[in-house]
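*Asks:* Read top to bottom, the protein sequences are chains A and B. At position 418 of the first sequence (counting the first as 1) the number is 441 in my numbering, and the numbers step up by one without a gap. At position 65 of the second sequence (counting the first as 1) the number is 308 in my numbering, and the numbers step up by one without a gap.
The hints are simulated quantities; they were obtained by calculation from the structure and are not laboratory data. Do not take every clue at face value.
As the list claims (entries may be wrong) - Sample of chain B residues lacking proximity to chain A, with all beta carbon distances greater than 12 Å (derived): (1) K285; (2) E288; (3) R313; (4) R316; (5) P317.
Claimed, not checked - These stretches of chain A come out as covered by chain B in the derived footprint (C-beta under 8 Å, 3 or more residues): (6) 97–104; (7) 310–322; (8) 529–535.
The C-beta atom is built at its ideal place from N, Cα and C for all residues, glycine as well.
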Amino acid sequence: MSTKKDITDDTRSQYFENLYRWFSRAIRVGVDISRSNWGEGNISVEQLLWSARPHLQEIFNFSSSAFFSISDQDNSFTMLSCDPEDGRAEIQSEVDCLIDQGMFAWALNQSRAFVTPARGSVRTLILHPVATRSRIRGMFVGIIENDSIDLNEGSLSLLSMIMLNLSAMLESAETYEYVRMQNDNLEKIVAQRTGQLVEARLEAEHASRAKSQFLANMSHEIRTPLTAVIGFAELLRDNHSLDEQQRRQAIDTIVRTGRHLLTVINEILDLSKIESDRMTVEMIPFDPFQTVRDVESLVSVQVCDKGLDFAVDYRFPLPLRINSDPTRLKQILLNLCGNALKFTERGGIRVMVSFDVAQQLLQFAITDTGIGIAADKLPKLFDSFTQADNSITRQYGGTGLGLHICRHLSELLGGSVEACSTPGQGSTFTVMIATGAVADTDLAFSLAEAENRRAGVGQDDAVPDHVLSGKVLLAEDNEDIRNLVRYYLNDPALILDWVGNGEQAVEQALSGHYDVVLMDMQMPVMGGVEATAWLRRAGYAGPVVAMTANATADDRKQFVAAGCDGFLSKPIDRRTLRRVLVGYLAQTRNGRDDKVHGYLEEFAEIRQAFIDGLSERIRNIQIAQSERRWDDLCSMAHQLKGSAGGFGFDVLGKIAAQIEHKVRRLEFDGLDVLAQALAAAARDGGAAQAGMSTGGVGG
Amino acid sequence: MTISSLIVDDDVSTRSTLAAMLRQLGYLQVQTAGNGVDAILKCVEVRPDVIWLDIEMPGKDGFQTLQSLRMTRPEAFIAMVSGHGTMEYVKRSMELKANGFIVKPFSMAKVEGILKKYLHETGRAG
C-alpha cells in the first residue's frame with residue numbers, strides 16, 4: 024500500500040473514502056461473479072473467463088489478458104484465448120520467457136497470484152493458476168500498465184478469490200454435466216431394460232399359453248379317441264343284441280382310433296426326445312425309390328378315398344442308393360403328405376423328387392392344392408406346439424408337433440425343411456436330406472433305367488422265392504428278432520430251432536443236426552464269436568452265419584477268424600436273409616442226399632439188428648432188476664439209453680436214462696414199473712418206426 | 244487218402260454205426276475197443292490216425308482214457324463222443340487237449356466235420 028508523507032486530514036479522509044469505494048466495488052464484483060448464471064450444459068474455462076472478464080477489468084484494468092490450458096499428456100501450455108486478440112504475441116513471448124526461467128511452472132503450483140515485472144519494466148505481469156484441490160486447469164495471465172492501478176494486497180486477494188471461485192464453478196458445472204449425463208444414460212438403460220423385460224414377459228406368457236394350449240390339445244387329442252375306444256368296447260361287452268355288421272363296425276373303430284392314439288403318443292415321445300437331445304438317426308445304404316414307393320402306397324389309398332389326385336414326379340438324374348435313415352425319411356415324407364392330405368379338399372398332391380449332384384442333397388417337394396398358409400404364419404410353422412392357427416387344431420386335428428419333428432429329423436439327416444404357400448391356392452413343403460457320397464455310376468437318368476437297374480439289383484440278390492427246407496438253428500437272445508426270423512422263414516418244410524445264448528448254441532449245434540446256424544454276436548452268458556470258436560474247436564463243420572448290427576470291417580474280420588462263414592447285418596431284411604439261407608440250405612441238402620443214400624441201406628440193417636435184439640435186452644434188464652443186480656442194471660440201462668434214441672426209440676431211451684439215473688443215486692423204488700414200461704415203449708417205438716421211410720441217426 | 248480209425252465205446256451199436264459211417268465215407272481201416280484199457284493197448288498196437296473216444300464208459304471213462312492216451316500218443320487226433328453235449332463236457336474235453344467233440348446220436352455230416360478238421364490240422368487236406 025503506497026502512502027504519501029504529507030497528507031492532510033482532507034486527503035486522509037479522501038484516501039479512506041477511495042479505499043472504501045474500491046473495496047465496495049471489489050466486493051460487488053466478487054458477488055456479481057458468484058451470482059452469474061452460467062446456465063445448464065457444459066461450460067468451458069474460456070466461456071467462464073469471458074464472462075468474468077468485464078468484472079475483472081473493473082478492478083484491474085488489464086491492457087491484455089489470456090488463459091493458458093495445460094495438456095494432460097505432456098504438461099505443455101497452450102494459449103486458449105486472449106483479449107484483445109492483438110496482445111497474443113506479447114503475452115506468448117512473456118510466458119515463453121517465464122517458462123524458460125522455470126517461473127511459470129513454479130507459479131502454477133502456488134494457490135495465489137504471482138506478480139513480476141514484464142520485460143522492459145513499464146508493465147507488470149500477473150499470473151494466477153486456475154485450480155481446485157483436484158486438478159490444475161490452467162493459468163490466467165494478465166498485463167497491467169505500471170501506473171494504471173494500485174496493486175495492493177487487497178486486489179491480489181480479490182483476484183485469488185475470483186479465480187478460486189471460477190475454478191469451483193467450473194468444477195461444479197462439470198460435475199453437474201457429468202451427473203446429468205449419467206442420469207441420461209441411466210434413463211436410457213432403464214428404458215431399454217424395461218423394454219426387454221416386457222418383451223421377455225410377453226414371450227414367456229406366450230410360451231406358457233402355447234404350452235397350456237398344447238396340453239389342452241393333447242388332452243383333447245387323447246381323450247377323443249379314448250372315448251371311442253372305451254365307448255365301443257363297453258358297447259361290445261354289454262350289448263349282446265348287436266348284429267355282425269355292428270360288431271365289425273365297433274371293432275374297426277376301436278382299431279382305427281387305437282392306431283391314431285399311437286401316432287399321437289409317438290409324436291409326443293419324438294418331441295420329448297428332441298427336446299432332451301436324445302433323438303438319433305442311423306446311416307445305412309438304401310434305395311430311395313423304394314422309400315418313395317412305400318410312401319406312395321400308404322398315401323395313395325387315403326388320397327383316393329378323398330377323391331384327390333396323387334402323383335410322383337421324378338426329376339432325373341437320381342441316385343439308386345443313398346446313405347441315410349430310411350425309417351426317419353419315410354416318417355418325414357408321410358408326415359408332410361399327411362398334412363397335405365389333411366388340408367386339401369380339391370385337386371391333388373404331387374411329390375417332386377430331385378437330386379442336387381453338387382451338394383449331394385436329395386430333395387422332395389410336396390405340393391398340395393389346399394387351403395394354404397398365411398405369410399405371417401409361415402416363420403413359426405416349424406416351432407413346437409404351434410399350428411398356424413389354433414382354430415385349425417380344432418377343425419383338422421393333429422398334435423401340432425409333426426412339422427417340428429420333421430424339421431429336427433431333416434436337420435439330423437444333414438438337410439432342412441422349408442415351406443412356401445399362397446393362401447387359397449396351396450402349399451409346398453420342401454425337404455432335403457444328405458445322401459452321403461453318390462458315385463456317378465449310381466445315378467439313374469430315366470425312370471426306365473431306374474426300374475431296370477433296380478430290377479437288376481434285385482435279380483442279383485433275388486431269391487426265386489421258392490420254398491426253403493431244412494433245419495436252421497437260431498441263436499438269438501432277443502425274442503422280437505426270433506419272432507421276426509420265424510415269420511420270415513415260415514416255409515412248411517423249414518424247421519427253425521432257437522436258443523438264447525452262446526453256450527446253448529454250442530450244445531444245441533453239437534447235439535442237433537442243422538444245415539445252418541444263425542448266430543447273433545451279442546448274447547448273454549457267451550457271445551457269438553466265442554460260441555463259434557468253441558464249435559470249430561469241437562470239429563463242428565456246418566455253416567455259421569454271424570448276425571450283428573453296426574459291424575465294422577475289423578469286427579467282420581474277427582467273425583471270420585472265429586469261424587463264421589457268412590454275415591447278416593441287422594436290422595434283418597427278409598430278402599437278404601432268405602438269399603443267404605438258400606445258399607447254405609441248397610448246398611447242404613444236395614451234398615448230403617448223394618452220400619446218404621448208400622449209408623441208409625447199411626443203417627437199415629444195423630437198425631433191424633438193434634430191433635431184433637431189443638426184446639432180449641429188455642428181458643435181461645427186467646431180470647437184473649428183479650434180482651437186484653444194480654451194477655448190471657445200470658450198465659445195461661446206460662447202453663440202451665445211448666443207442667435207443669439213435670434208432671428213433673426216443674421214449675425207450677428216456678426210460679432207460681431214468682433207470683440209470685435212479686440206480687446211480689441208489690433210488691431203487693419204482694424201478695420195476697420203469698422196467699415194465701420199457702417193453703411198452705419198445706412196442707410203440709417199433710410201430711412208429713415201421714411207418715417211417717427214413718430217419719434215425721442220419722437226421 | 245486213408246485215415247485209420249479206432250472207435251472206443253462200450254456200446255456195440257454205437258461202434259457198429261460209426262464204423263459203417265466211416266466205411267461209407269471210404270475209410271475202411273477201422274478198429275474198435277470196448278473200454279479205456281483196451282483202447283490204450285490197441286492204440287499202441289495199431290497207431291490209428293483218429294481215435295473216437297466215448298466219454299460215458301464204465302470203469303476208465305473217456306476223460307481218464309484221454310489223459311492216458313495223451314501221455315502215450317501226444318500227436319494222436321482224438322475226437323470225444325458223448326451222449327451229453329453240454330458246454331461243461333466240451334470245455335473239459337478241450338482242456339484235456341481233445342481235438343473234436345461229437346454228440347450221440349451223430350450224423351454223417353458231424354463225422355465228416357471231424358475228419359475235415361483232422362485233415363486240415365495235419366496238413367493232409369486238399
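*Asks:* Compare the structure with each hint and give your call.
*Replies:* Status of each hint after checking the structure:
Taking the minimum C-beta to C-beta distance to chain A, about 20 Å, the non-interface status of K285 of chain B holds against the 12 Å cut. Look at E288 of chain B: its CB is around 25 Å from the nearest CB on chain A, clear of 12 Å, so calling it non-interface holds up. With a closest Cβ-Cβ approach of about 16 Å to chain A, R313 of chain B is found to remain outside the 12 Å limit, as its non-interface label requires. At roughly 18 Å, the least C-beta separation between R316 of chain B and chain A is larger than 12 Å, which holds for a residue marked as non-interface.
P317 of chain B, annotated as away from the interface, keeps every beta carbon of chain A farther than 12 Å; the closest lies near 18 Å. Coverage of a stretch by a chain is defined here by at least three residues with a beta carbon nearer than 8 Å to that chain's beta carbons; for the stretch 97–104 of chain A and chain B the count is 0, and the condition is violated. Note: the stretch 310–322 of chain A has 0 residues with beta-carbon separation from chain B under 8 Å; the three-residue rule is not met and the coverage is violated. A count of 5 residues in the stretch 529–535 of chain A with a Cβ less than 8 Å from any Cβ of chain B is obtained; the coverage claim is therefore met, three being the minimum.
Violated hints, in rising order: 6 and 7; the structure is consistent with all others.
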